[in-house]
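Please build the complex by placing chain B on the supplied structure of chain W, with the hints as guidance.
Protein chains in written order, with the working numbering: chain W, 686 to 1097; chain B, 686 to 1097.
Hints in this document: simulated from the structure, not taken from any laboratory. Keep in mind that a hint or two might mislead.
The list cannot tell twin chains apart, which means a pair is met if one copy fits it or any two copies do.
Unchecked claim - With a Cα cut of at most 30 Å, we get these calculated DSS-like pairs of lysine-lysine:
| no. | residue 1 | residue 2 |
| --- | --- | --- |
| 1 | Lys1095 | Lys1070 |
| 2 | Lys977 | Lys1094 |
| 3 | Lys688 | Lys816 |
| 4 | Lys765 | Lys1095 |
| 5 | Lys1004 | Lys765 |
| 6 | Lys957 | Lys947 |
| 7 | Lys1051 | Lys947 |
| 8 | Lys894 | Lys764 |
2 protein chains.
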Amino acid sequence: MIKAEIITIGDEILYGQITDTNTQWISAALDKIGIKTFRKSSVGDQAQVILDILAEASQRVDIVLITGGLGPTKDDITKKTLCDFFGIQLITHAQALADLHAFFRKRGREVTGLNFGQAELPSNALYLPNKLGTAPGMWFEVNGVIYVSMPGVPYEMKGLMQDEVLPRLQSHFSTAVYFHQIVRTVGIGESILAEKIVDWEEALPPHLKLAYLPSMGSVKLRLTGVGQSLSAIEAEVKAAIDLVLPQISDYVYALEDIELDKAIGNMLQARKQTIAVAESCTGGYLAHQFTKNPGSSAYFYGGVVAYDNSVKIQVLGVKPETLATFGAVSEQTVSEMALNVRQLLGTTYGLATSGIAGPDGGTPEKPVGTIWIALATPTEVFTQKLQLGGFREQNIHLTSINILNLLRKKMA
Amino acid sequence: MIKAEIITIGDEILYGQITDTNTQWISAALDKIGIKTFRKSSVGDQAQVILDILAEASQRVDIVLITGGLGPTKDDITKKTLCDFFGIQLITHAQALADLHAFFRKRGREVTGLNFGQAELPSNALYLPNKLGTAPGMWFEVNGVIYVSMPGVPYEMKGLMQDEVLPRLQSHFSTAVYFHQIVRTVGIGESILAEKIVDWEEALPPHLKLAYLPSMGSVKLRLTGVGQSLSAIEAEVKAAIDLVLPQISDYVYALEDIELDKAIGNMLQARKQTIAVAESCTGGYLAHQFTKNPGSSAYFYGGVVAYDNSVKIQVLGVKPETLATFGAVSEQTVSEMALNVRQLLGTTYGLATSGIAGPDGGTPEKPVGTIWIALATPTEVFTQKLQLGGFREQNIHLTSINILNLLRKKMA
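Here chain W stands alone, though its shape is the one from the complex (with noise of 0.2 Å):
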């Protein structure tokens, strides 16, 4: 197995003040082609640190991938580091400066003070151009191990991994293919489905790996096949696939990795139907799980976010004396919004939610947690009570979860 490790330096990370995309992307392109990542560190921009990691790296696996510490300014000492640690200098690069010339040339501008710095690479570096930026990619092989430097700007790490790293890679290492199969569920805790399937899962060979992926309200499987051709390991995957996808066929909404509101967009996309909801205690959120997917506004039509009492009565029409009877979380309540926002907006399915989405609000008879949620469709209106925890943002989400749960068996 060919292993990788890819480190992260600069001390804006590992201070927690911006977000690394970077080593996840690095990661999955690296699966991708069978390159198994081992490890991913940060460190902060100190040479000692990074000398440390460089030979602790250096030990364990086959191919260093490090983004960051490559900007102009003096904070930025990733090559330097690098000189030390493969204790060689640092020289103008013929080639790189050309292109740095080009690059700022482009910009109408010219190449000054710091920024010629940017043509120098450690002597022993193979120079990898980078398009979209000053800083260049450099690989390196010492000692059988390949290491690569990128900056850590996304876009540039990305488009140096996509022309320069990978098809190095792939042509450097002659590795064992992996396939993954995706099987996303939702409606079942991650171990009751586990005990669910444990007979299947204890019977597969040891090159194929089950692994569970819960998420809030939804669990992900993925199940892993590693051999040496792909179209044998992505036979026996999707054959152990077939095998349990009987036993759990009730809660199976995906066999990509998609969530739950782009699958429900793609069956109303693919059977024309259109859809309305009429909220309350998702106040919106249900909308915007819809409306986030590209492309939505072929099926999703619209909706009313019906907070106050008021806005049930005038805009949707919910009838005062439901209201006064039955309270705002209710079956009756809910019947009504899903029946009139389905009517109102002239679609095929109307969903609604009323409930005590929390910290207050609750009562002895409606705890917090109290959501009634309900679909309209051209013949029928269904309801469910759902009875959910103390968390405001956890109880919108679970909601949302399920009531596109609801219209999915519902369109099954």
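Quick look at chain B alone, frame taken from chain W:
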């Protein structure tokens, strides 16, 4: 200096299948109590790799914070591996078991099968109750090093950090005292803000440090003072803040760490004013920015997500000729939307958005990122055109920030 290392455990992070947001959050939280993150590492669900990194970390830092690998399934091996590392056994912890039963009972379920394992802890662990999930936190003190193990689910980790870990770290290490003052700004970029206050910043004494914490559409300033007396350092920090505020008053919306939506909610509530939204391109996101805040029903009445033009006409009463003449993405349409939603819901203010969120749907005259926003007050309508970029999620978020900022300025 107290040094910490953060270790995330899990193949799903290592393979790049999920985004790690935990380490950034943890290092920022540690930074606030004067503990420096010295290294961040991610390793997979393999016992030997976890043992290796624990041994390394124990040599170089004072605090080892571990997240992940605490689920009930067999690919979660953190607890077992901690036992091997410390040379001890897993035992059922009476309080953890009682809490586990209570957690399930509250949700109308019983503890079954694999879940019983959640109450087993390494025998040397101090049990840290997790109110938000079934995987307990654990605290170990071995040979002068503190180890903390927490679940990887972000909200569970955050709950444990806030309730248990941060207070214990503060009382365990008697460090110098820190006082932080936050200044939240909106409507100005980091570099222009920095230029405005450069003289002030350079005149700060060495024990007062300024940090710029930019997020999309907003820059947070944090001035940190370190000293021996909390009252003295607090007075010094506040005096420095009083000096800088007049230079940036147009952009400051809060002197506490709250989002712009919350700050506006506070203003509305204090003035007993109310608000309604009519959303096209933001598609429910703007409503959610209000309703995610507890107590927002006091001032947020609701809104209309008018995604399809039919909803703009039939629910919001936008004139068909306005749409036909100027298009949905126009000053005229967005003005009618704001005016009408204010009238329809009977609120003090009406907000409206309409634009091309992307990635598709642009034209040469109205490219992706062209967005109109409007605010209707009791006496006037204010409009603004935004020219944002090509990224949907970013456009939705920045539109929301911009319209909230328009409201803030007109309320001032």
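Here is what the structure says about each hint:
Proximity of Lys1095 and Lys1070 under a CA criterion of 30 Å is satisfied intra-copy only: 16 Å inside one chain copy versus 42 Å between copies. In this assembly of identical chains, Lys977 and Lys1094 lie within 30 Å of each other by CA distance both inside one copy and across copies; the values are 22 Å within and 28 Å between. For the homomeric pair Lys688 and Lys816, the shortest alpha-carbon distance inside one copy (28 Å) is at most 30 Å, but the shortest distance between copies (38 Å) is not. In this homomeric assembly, Lys765 and Lys1095 never come within 30 Å of each other (Cα to Cα): the closest approach is 59 Å inside a single copy and 43 Å across copies.
Taking the shortest alpha-carbon separations for Lys1004 and Lys765, neither the intra-copy value of 67 Å nor the inter-copy value of 58 Å comes in at or below 30 Å. In the homo-oligomer, the alpha carbons of Lys957 and Lys947 lie at most 30 Å apart inside one protomer (15 Å), although the nearest pairing across protomers, at 39 Å, exceeds that limit. Taking the shortest alpha-carbon separations for Lys1051 and Lys947, only the inter-copy value of 27 Å comes in at or below 30 Å, while the best intra-copy value is 32 Å. Taking the shortest alpha-carbon separations for Lys894 and Lys764, only the inter-copy value of 20 Å comes in at or below 30 Å, while the best intra-copy value is 39 Å.
Checked against the numbered hints above, the structure violates hints 4, 5; every other hint is satisfied.
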